[in-house]
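Chain A is fixed; fit chain B onto it per the hints.
Those protein sequences? They're chains A and B, same order as listed. FYI, the numbering for the first sequence is 6 to 377, going by the numbering used here. FYI, the numbering for the second sequence is 19 to 107, going by the numbering used here.
Fair warning: there could be bad hints in the mix.
Said to hold, decoys possible - Think about it this way: if two alpha-carbon atoms lie no more than 25 angstroms apart in a straight line, the pair counts; the simulated SDA-like pairs of lysine to any residue are:
| id | chain 1 | residue 1 | chain 2 | residue 2 |
| --- | --- | --- | --- | --- |
| 1 | A | K295 | B | R103 |
| 2 | A | K216 | B | E81 |
| 3 | A | K377 | B | A83 |
| 4 | A | K302 | B | E81 |
| 5 | A | K276 | B | A83 |
| 6 | A | K207 | B | D88 |
| 7 | A | K118 | A | P108 |
If you're looking for bench data, these hints aren't it; they were derived computationally from the structure.
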Amino acid sequence: MATPIHVPRINNNDDEVKLIALEVAVGDHVDEAQVIAQIETDKAVVDVESPAAGYVLAIEGELEEMLVVGRVFVWLGENSDEKIPEPSKMARDQKISGQTGTPTAKARALLRKHGIDVSEVPVSGDRLSVVDVERYLQSQNRLPGADQTDTAVKSREMKPAVTGKAQKLENVERGMLSTVIWHRDVAVPGYIELAYEQSAWKEYAQLFAQKHGLLLDPLLSVMAWRLVEIAMETPRLNATIWDAKRYEYDQVNLGFTVQAGNNLYLVVVQKSDEIDELSFVNKMVDLQRKAAAHQLKPDELENATIGFSSMSRWGVERHVPILPPHTALMIAHTVNIKGEGVLGASYDHRVLNGGDVVKVLKKLSKPKSQVK
Amino acid sequence: MKLDKASIETEIKNKIIEIADGLGCDATGLQSDDIIPATGFIDSAGLLELVAWYESFYDIKIETAEITIDNLGTLSAMADFLQKRKGLA
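The following block holds chain A by itself, in its conformation from the complex:
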C-alpha cells in the first residue's frame, strides 16, 4: 500500500512552507531517514526525511511552490509500479480516520467559484487546500483552460532507466505538450478522410487571386474560410464538451497550423465569422508572416474553436492531426501521390459522429459558389 509523506509543520505560525529542494525523482529508491527534500519558512530551512524505505511513486509539488502544511507531497511504495490512491479512496480513508479538513481561504473561494460542496472533495492534509480542490476538479474534468500539463505528464511517466539530461521546454513546446495531453486525456478522437478532385478548388483560388491581385496562392486560406462558413451553418462542429453538455461557441476562432523553422504554430483568426473572405485571407497572410518571423502575440495563438491543417507542401499522403484543446474538429489537408486532394479530419467523438464529419468533408471538398 502506498505511503503518503505529508508536508511537516515547522512552527505554529506557518500554515504554508516553500519547497526549495527536491533530492529525489519519481522512480527513485529511497532508504528510511534519507533526506528527500528541503522546505523553508521565513525562519528556518528543514530537511524532510523519508519515514520508510521504498520507491518514489509521485511528487505533488514543484520547486519554489508554497505547500500547505499537512498535505501529501510525496507518495512512497514498496514497488515502483504501485498505484497511489484515487481521490475517492482517499476520501473514504479520511472519513474512516475522522479527518474533516477545514478549507483554506483560497480553497473556499475556489469551491464557491465552482459551486462545490466541501464534503465532495478529498482532503490530503490537515486542511483542504487549493491543490485538493484542483485535483478534484481535474478528476471530474471540470478544469478547462488550466494548464494541467505538468500534472498529467508527471502522474503517468516514470523516469527513464537510461541516464540523460533534462532540457527545459520552450513555450511553444510546452504549448504542444499541453495540446497532445488534452487530446490524449480528454478528447475521444476519431479520424476520417476522403479523396477529392482538386480542380474546382484550384480554379477558385486562381480566380480569387486574380480578382484581388494576390501574389500568394490563397488556396488553403479560402478552403479554411469555407470551413468557417460550414461551422457557422452547423454550430455543433464549433463546440466542445463541458459539464456533460455540448458547449457551442458564440464565435468561430479558426486555428491554422504554420510550420516556421523548427516551431509548429497554431495561429488563430479570432472571430473569423465576423469578417469577409478577403479580410480572412489577408489576416491569414499577416499571421503567417508573423509566425515566420516568430513575432506572434499570445492572442494570436490561443482559443481556437476549430482547426485546419495542411501538409501538402511536404507531400505526405496522410497526417492525423492532434485536436487543439476544447475543439471538436481539425481538418487535415494534403495531396496524395496520384495528385488527388485528400481531406481528413480528427474529431472528438464525444461531440461529433462519423456521419457529421463525412458531411463536413464532402461540403469542404468543393467551393460553395463562384468567386465573389
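Structure of chain B alone, referenced to chain A:
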C-alpha cells in the same frame, strides 16, 4: 553586407535554395528573372518564410500590400525593391 544587385540576388537565391531543400526541391537552377512562385520550388508558406527572412536580414519593413509579383516576384525584382528601399537606386 554587400548591397550591389548581384550580391543581393545571390543571397536571396541561397535562401530560396535552403527553403526549397527543406521541401525536397532543388532550386539551384533558379534564374534572375524566373517568377519564383511559378517555378514551383517553394510554395506560399515558403515564400512567406522568404519574405520574413528578407525583412530581417536586410532590416526593412514590408507591408502586406507590397507583397506583389511586381515587387517580389523574381530575384531581380527583389534586388531592385531592396535597393530602392535603401535609397541606392
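The hints, checked one at a time:
1. Straight-line distance between C-alpha atoms of K295 (chain A) and R103 (chain B) comes to about 21 angstroms, which keeps the hinted pair within the 25 angstroms bound.
2. Taking the CA atoms of K216 (chain A) and E81 (chain B), the gap is about 20 angstroms. The hint holds against a cut of 25 angstroms.
3. Between the alpha carbons of K377 (chain A) and A83 (chain B) the distance comes to roughly 20 angstroms, so the proposed pair stays at or under 25 angstroms and holds.
4. A hinted pair counts as satisfied when its Cα atoms are at most 25 angstroms apart, and K302 (chain A) with E81 (chain B) qualifies at roughly 18 angstroms.
5. A threshold of 25 angstroms between alpha carbons decides the hint, and for K276 (chain A) with A83 (chain B) the separation of about 23 angstroms falls inside it, so the pair holds.
6. With a CA separation close to 23 angstroms, the supplied pair K207 (chain A) and D88 (chain B) stays within the 25 angstroms bound.
7. A hinted pair counts as satisfied when its Cα atoms are at most 25 angstroms apart, and K118 (chain A) with P108 (chain A) qualifies at roughly 14 angstroms.
In summary, this structure violates none of the numbered hints.
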